[in-house]
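*Asks:* One letter stands for each residue in the lines below.
There are 2 protein chains.
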Amino acid sequence: MNDSEHPPSSHRPSVWERLADAAVDHFRVFRVRRTRYRHARDRHEGEFVIIEANDWVNVLALTDDGRMLLVRQFRFGIHDFTLEIPGGVIETGEDPVAAGVRELREETGYAGRAARLLAQVRPNPAIQANVCHIVLVEGCVHVGETQFDPNEEIEVSLLPIDEVVAKAERGEIKHSLVVDALFYLRAWREGRMK
Amino acid sequence: MNDSEHPPSSHRPSVWERLADAAVDHFRVFRVRRTRYRHARDRHEGEFVIIEANDWVNVLALTDDGRMLLVRQFRFGIHDFTLEIPGGVIETGEDPVAAGVRELREETGYAGRAARLLAQVRPNPAIQANVCHIVLVEGCVHVGETQFDPNEEIEVSLLPIDEVVAKAERGEIKHSLVVDALFYLRAWREGRMK
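Quick mapping for you: the protein sequence lines, in order, are chains D and R. Take any residue in the first sequence, count from 1 to its spot, add 1210: that is its number in my numbering. Take any residue in the second sequence, count from 1 to its spot, add 1210: that is its number in my numbering.
Just chain D, with the same shape it has in the complex (with noise of 0.2 Å):
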């Protein structure tokens, strides 16, 4: 075995420059764009395929209790319903912090005493632009009732938050931008993160 940092089969990757982009096709929550690059070093160009969308939240809502809300709905990718933390698309503008406050108050009816951007993923970088924010909001209790988007369907749930952990250990939760606020949560309540 290799005792350095970097192995003798690491090779130091270039930037790639871009050069002409165009617009694929305009979905409703994504946009595909086909854009040609140049490698920095060798001048070698190819074209790649990039996803855009708005940015993403996701929140992590506790309890004074230590329970933890969980939504649960149709998903259309997969064809099956899904235990997940509320979320959504962040609108173009919108402060993700208050992006989260609000998914979660139209998601859940619910509303906590303070929130703050926990952490940031990228959910794929090979193919998409975009950023999912992890929004901790702490002390919720129930305001007032849901408001749903169109074909929007929600059901509720408050769980003690081992028990979350514990559903994404076994597979029940497989969201993997869920299990990425989950991993942050742990780092938190451990006083890894402010």
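Any given hint might turn out to be false.
Note that the list lumps identical chains together, so a pair holds whenever it fits in one copy or between two copies.
List time: in silico DMTMM-like cross-link candidates among lysine to aspartate or glutamate, alpha-carbon distance up to 25 Å [unchecked claim]:
#1 Lys1404 x Glu1373
#2 Lys1404 x Glu1262
#3 Lys1404 x Glu1382
#4 Lys1377 x Glu1355
#5 Lys1404 x Glu1362
By construction, these hints were calculated from the structure, which means they are not laboratory data.
Following the hints, put chain R in place on chain D, whose structure we already have.
*Replies:* Below, chain R without anything else, positioned relative to chain D:
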């Protein structure tokens, strides 16, 4: 605050029946499909767009001295470099663990003593149909040269597992599917995953 598991605004979601299906366009690593659905209860119809791709695999490749293999590469989606774990697209019909072992070997020149499927996540159940398999490979050693795909240019490094987790907590690793793998790696190290 409401104390039941299902708060008052909860609303049981319905299945949607799949009606017509039309492939919209084929891109290199995914296809976009527009599908017409009908709600099972109120018979109302809607059209939704799904991104279809082969399944993906991400590899937690560990050495016996407690380090992990990381790859750094230019990612077109975010037009920047990322620090990730090895992985890639599973070929049609290929076993996920075999695909993980293959990607690890091609991207890093490393191979391990034992490989197993640790967990599976859904990259985005709302708009994406595929699965990302998380494969754990223990006892990794350098066995030969890398074999990059066309346009693949990868810098390999080996870092202590705890340092990789710290990088994710500091936001230096932001790839959602890599953070997922670190969530399951921790559960495995703490004896909660088989």
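*Asks:* Each of the hints needs a verdict: does it hold here or not?
*Replies:* Each hint tested on the structure:
1. Lys1404 x Glu1373: both (24 Å within a copy, 18 Å between copies)
2. Lys1404 x Glu1262: neither (30 Å within a copy, 37 Å between copies)
3. Lys1404 x Glu1382: between (29 Å within a copy, 15 Å between copies)
4. Lys1377 x Glu1355: Close neither inside one copy (27 Å) nor across copies (40 Å); limit 25 Å.
5. Lys1404 x Glu1362: neither (33 Å within a copy, 36 Å between copies)
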